[in-house]
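In order, the protein sequences belong to chains A and B.
In terms of this note's numbering, the first sequence has 65 at position 65, counting the first letter as 1, and numbering is strictly consecutive.
Every number in this note's numbering is 1000 more than the matching position in the second sequence, counting from 1.
Honestly, the hints are just simulated from the structure, not real lab data.
Treat the hints with care, since some could be wrong.
Below 30 Å or equal to it, Euclidean Cα-Cα: the simulated DSSO-like pairs (lysine-lysine) are [as the list claims (entries may be wrong)]:
#, chain 1, residue 1, chain 2, residue 2
1, A, Lys99, B, Lys1011
2, A, Lys68, B, Lys1070
3, B, Lys1070, B, Lys1095
4, B, Lys1070, A, Lys5
5, A, Lys37, B, Lys1057
6, A, Lys56, A, Lys71
7, B, Lys1095, B, Lys1057
8, B, Lys1070, A, Lys56
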Amino acid sequence: DQQVKQNSPSLSVQEGRISILNCDYTNSMFDYFLWYKKYPAEGPTFLISISSIKDKNEDGRFTVFLNKSAKHLSLHIVPSQPGDSAVYFCAANMDSSYKLIFGSGTRLLVRP
Amino acid sequence: DAGITQSPRYKITETGRQVTLMCHQTWSHSYMFWYRQDLGHGLRLIYYSAAADITDKGEVPDGYVVSRSKTENFPLTLESATRSQTSVYFCASNKNGGDYGYTFGSGTRLTVV
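This is chain A alone, in the form it adopts within the complex:
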């Protein structure tokens, strides 16, 4: 049973618009959440993270929102750029275990 779920396998957005990628989790013990971006033939790269004591974290065009009551987090990219086209993985961690549990990924396509 997947503890971290990304229910949208793909998303297509026009350049300059907002991209919203969603992630749901089932384990209330998760206390740290991360987003990774992956280009073809490369390893995933860390993008942004959020602790469970916060509900928002912002880094430039990227903002992650956490709704603990709904066990839901989202990644907002504003404005979206063609270079943002990649697969985005949501990941979660608990108790400082250093083991990350990943979702299945969402492929984002930003159209020029």
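Let chain A serve as the given structure and place chain B on it in line with the hints.
Relative to the frame of chain A, chain B by itself:
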């Protein structure tokens, strides 16, 4: 160059063969991990290591063996490869210090025929 490197980048092997995927990092990070990426499953943890000579199972350890005799190396061995082990394998490392962001290698694409 500093970083995390995986070898080989591509490997084709036959069912039943033993194959070892290599991972080397130059930062002296304490933690190292092996993940496999499969369509529809995302990244699943195979094994991880908290330090030299300390390893533990992840979500999908069956059919795999790891060792960590040196901090910088974390090889993954498929003792008797099966077609279900066809996948892309990623090694990652993480420093011990509260930052949970991993650094991943570029991956090894393994095909078992």
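(request) Could you work out which earlier hints the structure fails to respect and list their numbers in ascending sequence? (result) 2, 4, 8
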